[in-house]
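Undergrad: Single-letter residue listing:
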Amino acid sequence: MRVALFLTCVNDTLYPDTGRAVVKLLTRLGVDVDFPMDQTCCGQAHYNTGYRHEAEPLARHFSDVFRDYEAIVTPSGSCGAMVRELYPRLGERARAEGRGDGLARALAPVVPKTYELTEFLVDVLGVTDVGAYYPHKVTYHPTCHGLRGLGLGDRPRRLLKAVQGLELAELPGAAECCGFGGTFAVKNAAVSAAMGVDKVRDAEATGAEVLCAADNSCLMHIGGTMSRLGSGMRPVHIAEILASTEEEPAV
Amino acid sequence: MSATFVGMPAFPEAAREAVRNPTLRGNLRHATHTIRAKRARAVGELSDWAGLREAGRRIKDHTLRHLDRYLEQLEESVTAAGGTVHWAADAEEANRIVTELVRATGESEVVKVKSMATQEIELNEALAAAGIRAYETDLAELIVQLGKDRPSHILVPAIHRNRGEIRDIFAREMREWGRPAPEDLTDTPADLAEAARLHLREKFLRAKVGISGANFMVAETGTLVVVESEGNGRMCLTLPETLISVVGIEKIVPTWRDLEVFLQTLPRSSTAERMNPYTSMWTGTTDEDGPRAFHLVLLDNGRTDTLADTVGRQALRCIRCSACLNVCPVYERAGGHAYGSVYPGPIGAILSPQLRGTGSEIDASLPYASSLCGACYEVCPVAIDIPEVLVHLRERVVEGGPAVRRGNKVLLKPAKGHAAERAAMRAARWAFAHPGALRAGQRLASRTRRLHPRTLPGPGRAWSGARDLPAVPPEPFRDWWQRTRGGKDGDR
Numbered sequence: 001m002r003v004a005l006f007l008t009c010v011n012d013t014l015y016p017d018t019g020r021a022v023v024k025l026l027t028r029l030g031v032d033v034d035f036p037m038d039q040t041c042c043g044q045a046h047y048n049t050g051y052r053h054e055a056e057p058l059a060r061h062f063s064d065v066f067r068d069y070e071a072i073v074t075p076s077g078s079c080g081a082m083v084r085e086l087y088p089r090l091g092e093r094a095r096a097e098g099r100g101d102g103l104a105r106a107l108a109p110v111v112p113k114t115y116e117l118t119e120f121l122v123d124v125l126g127v128t129d130v131g132a133y134y135p136h137k138v139t140y141h142p143t144c145h146g147l148r149g150l151g152l153g154d155r156p157r158r159l160l161k162a163v164q165g166l167e168l169a170e171l172p173g174a175a176e177c178c179g180f181g182g183t184f185a186v187k188n189a190a191v192s193a194a195m196g197v198d199k200v201r202d203a204e205a206t207g208a209e210v211l212c213a214a215d216n217s218c219l220m221h222i223g224g225t226m227s228r229l230g231s232g233m234r235p236v237h238i239a240e241i242l243a244s245t246e247e248e249p250a251v
Numbered sequence: 001m002s003a004t005f006v007g008m009p010a011f012p013e014a015a016r017e018a019v020r021n022p023t024l025r026g027n028l029r030h031a032t033h034t035i036r037a038k039r040a041r042a043v044g045e046l047s048d049w050a051g052l053r054e055a056g057r058r059i060k061d062h063t064l065r066h067l068d069r070y071l072e073q074l075e076e077s078v079t080a081a082g083g084t085v086h087w088a089a090d091a092e093e094a095n096r097i098v099t100e101l102v103r104a105t106g107e108s109e110v111v112k113v114k115s116m117a118t119q120e121i122e123l124n125e126a127l128a129a130a131g132i133r134a135y136e137t138d139l140a141e142l143i144v145q146l147g148k149d150r151p152s153h154i155l156v157p158a159i160h161r162n163r164g165e166i167r168d169i170f171a172r173e174m175r176e177w178g179r180p181a182p183e184d185l186t187d188t189p190a191d192l193a194e195a196a197r198l199h200l201r202e203k204f205l206r207a208k209v210g211i212s213g214a215n216f217m218v219a220e221t222g223t224l225v226v227v228e229s230e231g232n233g234r235m236c237l238t239l240p241e242t243l244i245s246v247v248g249i250e251k252i253v254p255t256w257r258d259l260e261v262f263l264q265t266l267p268r269s270s271t272a273e274r275m276n277p278y279t280s281m282w283t284g285t286t287d288e289d290g291p292r293a294f295h296l297v298l299l300d301n302g303r304t305d306t307l308a309d310t311v312g313r314q315a316l317r318c319i320r321c322s323a324c325l326n327v328c329p330v331y332e333r334a335g336g337h338a339y340g341s342v343y344p345g346p347i348g349a350i351l352s353p354q355l356r357g358t359g360s361e362i363d364a365s366l367p368y369a370s371s372l373c374g375a376c377y378e379v380c381p382v383a384i385d386i387p388e389v390l391v392h393l394r395e396r397v398v399e400g401g402p403a404v405r406r407g408n409k410v411l412l413k414p415a416k417g418h419a420a421e422r423a424a425m426r427a428a429r430w431a432f433a434h435p436g437a438l439r440a441g442q443r444l445a446s447r448t449r450r451l452h453p454r455t456l457p458g459p460g461r462a463w464s465g466a467r468d469l470p471a472v473p474p475e476p477f478r479d480w481w482q483r484t485r486g487g488k489d490g491d492r
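Going down the list, the sequences are from chains P and S.
The first sequence lines up with residues 1 to 251 when you count with our numbering.
The second sequence lines up with residues 1 to 492 when you count with our numbering.
Source of the hints: derived by calculation from the structure; they are not laboratory data.
Each residue gets a CB set at the ideal place from its N, CA and C atoms; glycine is no exception.
Among the hints, erroneous ones may be present.
Claimed, not checked - Sample of chain S residues facing chain P (criterion: CB under 7 Å; computed from the structure):
| hint | residue |
| --- | --- |
| 1 | S47 |
| 2 | W49 |
| 3 | T84 |
| 4 | A334 |
| 5 | R394 |
| 6 | F432 |
| 7 | A433 |
| 8 | P435 |
| 9 | R443 |
| 10 | A462 |
| 11 | W463 |
| 12 | P473 |
To be verified - Calculated pairs, BS3-like style, for lysine-lysine (alpha carbon to alpha carbon, straight line, at most 25 Å):
| hint | chain 1 | residue 1 | chain 2 | residue 2 |
| --- | --- | --- | --- | --- |
| 13 | P | K161 | P | K137 |
| 14 | S | K488 | P | K187 |
| 15 | P | K187 | S | K413 |
Chain P on its own, in the form it takes in the complex (with noise of 0.2 Å):
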């Protein structure tokens, strides 16, 4: 199977670390991976701020690159969202606007290909047990993208129980918003810190060591407000975690 490895622009760009565990864990799994050099954004911070034309030429790029590929693979919830939810509804309202189907014939291949991680191991290789070992106490946050918009449901959570030496602590509150949004963390800065507060309170209440999501935009933003709190608490990607082994530990 040829699979492409989405990383997104912002994991790219920040955090190596969760692309480098992807690799390994799918390549563990005797799945051939490939990193399509001339990839780049998916188009949803243009799309989610108002500016959906600006996200058109992204979306044919993206299409582009990943249109003869077997399935796509992405680490973030919210980047899967994008293409598998609102592709066809970028489509769709150019059709509105009278520019014909040209834009959702271009974006349909890559479509329903398009897999965020979690989904991509429990549906497609149908494995629950990645042959992980991850020695910590984690609490798992569903972010709204992926929980709501891809239905990602337990798959995480069951990825995450067969990992040996893990223990996992249900986070209260789970369902509710981390308070980053894209932009929504910028031009409502205030609200967006509070809900942001309450879910590290909520996280700190687990007595775990890791918070734990399958996408780092929300983490970047937990992740900064537990820094600025002086919290115990780090943020890993649910990639790290399913790559770290007994021979090769991840942190």
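Here the structure of chain P is known, so what remains is to put chain S in place on it, guided by the hints.
TA: Just chain S now, with coordinates in the frame of chain P:
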């Protein structure tokens, strides 16, 4: 606090104040979390919830598509049943019609059933200007009115108040409006309810004119429906000689049978009750039973304009249940007043900028009052995709474009204050269309990483005022990938 929302600051400023108020935060957190959990239980009991939700969506969409036809049918049915129908294009016209109808009765006071439409048009203020006193009789609206406050929730307008605050308002203000509160009033719910009951009872018995809204209007029969929990609404609907109902034109359902769906979904979504306690229905007038005169004022006030927008029109499906407010993390922290409208929370953030347009500072800021977490869409009993409409309205704010205002097609200009953001978005789009440029930027960031501060000056404080910045890694992923061929040449 003034009763009007004119001159409200934009949402972020108003929300910042609210976030700093610990009493408000505590009141809202307690109330929203309680009702949120109750609603989830009440909805979870029904195995066919998804079907009911879809049925509600379809009935509303069908009605909106044929609204012209159903409105005319409703007018015929109401008229045939002995009522009189009035048409109001906007708030001013509706207020004028109601004021004249009250004046014609010779009365100078009216009792009111809790109604969003009359709040939307600021009817109480218009009546006051004409020397007519309007008494709110819903318990929470009474608290708001006595406290010279504004409502902060659709269903629970005094949600921002706790029992102690309510006791103080009753003890201080009731005597100004009629029967004073008992001297030994405590803050127990039973005591507060009894004080309100005694205060309101004399108004019910004296009133000659009642004013209401309606949750539903049935086109085929001309029946209006009010759904409430206290019975105070029923007092106003049955005791006075004249009843005036002001109702938004989107409140129609085609047939009596359609109520079956909404009378299941509305109570469970709003108060988390299986069945609504007081459901009042009336069809025109009936001899020797209830009001002798019935007037229906059909209110447009921006609804037809909203209907012209293919993405935004789904907001008109709303049955005002408030489930979206109760699950919204932004509402929970910002409170209802920050939304600058009688419609707060997620539904308000898509309704106000459509009904009023995006011309004012507050209305242009409302589409951004959301992290797009999607909790509102998940609980909406008529499946309004609120995040979709929010993003659509953001586009209207930054790009402008075609819209309908007062029935005329207009081309909106982009809102002011977005020039820097627009330039940044364009620059980012350019860089993302040129992978080489993106890579150069990433490398520059990585090489200068030791110089990066953990906090930012100026506008960057919006991020780093509360959160540390992430550390930039020594190299972006793509450099590692290229250097090691995806780790095949070793990790270093």
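Undergrad: Does S/W463 meet its interface restraint, that is, does its C-beta lie within less than 7 Å of any C-beta in chain P?
TA: holds (6 Å)
Undergrad: Grab the minimum C-beta distance from S/F432 to chain P and call the hint holds if it beats 7 Å, violated otherwise.
TA: holds (4 Å)
Undergrad: Would the stated hint for S/A462 survive a check requiring a Cβ distance to chain P of less than 7 Å?
TA: OK, holds: S/A462 within 7 Å of chain P, min 4 Å.
Undergrad: Under 7 Å is the threshold here; is the Cβ of S/A433 close enough to any Cβ of chain P for the hint to stand?
TA: With Cβ-Cβ at 6 Å, under 7 Å, it holds.
Undergrad: With 7 Å as the cut and Cβ atoms as the points, is S/P473 at the interface with chain P?
TA: Holds, about 5 Å.
Undergrad: Hey, does the S/T84 contact hint survive, CB to chain P under 7 Å?
TA: Hint on S/T84: violated, closest Cβ of chain P at ~41 Å, above 7 Å.
Undergrad: With a cut-off of 7 Å, does the beta carbon of S/P435 approach a beta carbon of chain P closely enough for the hint to hold?
TA: Since chain P brings a Cβ to about 5 Å from S/P435, closer than 7 Å, the hint holds.
Undergrad: Regarding the hint that S/S47 lies at the interface with chain P, is the smallest CB-CB distance below 7 Å?
TA: Violated: closest Cβ of chain P sits about 19 Å from S/S47, beyond 7 Å.
Undergrad: P/K161 and P/K137 were given as a pair; does the straight-line alpha-carbon distance stay at or below 25 Å?
TA: holds (11 Å)
Undergrad: Quick check on the hint: S/W49 CB to chain P CB, less than 7 Å?
TA: violated (16 Å)
Undergrad: Within a Cα-Cα threshold of 25 Å, do P/K187 and S/K413 meet the stated pairing?
TA: holds (21 Å)
Undergrad: Does the closest beta carbon of chain P sit nearer than 7 Å to the beta carbon of S/R394?
TA: For S/R394, the interface hint holds, since the closest Cβ of chain P sits about 3 Å away, which is under 7 Å.
Violated hints for the displayed structure, listed by number in ascending order: 1, 2, 3, 9, 14.
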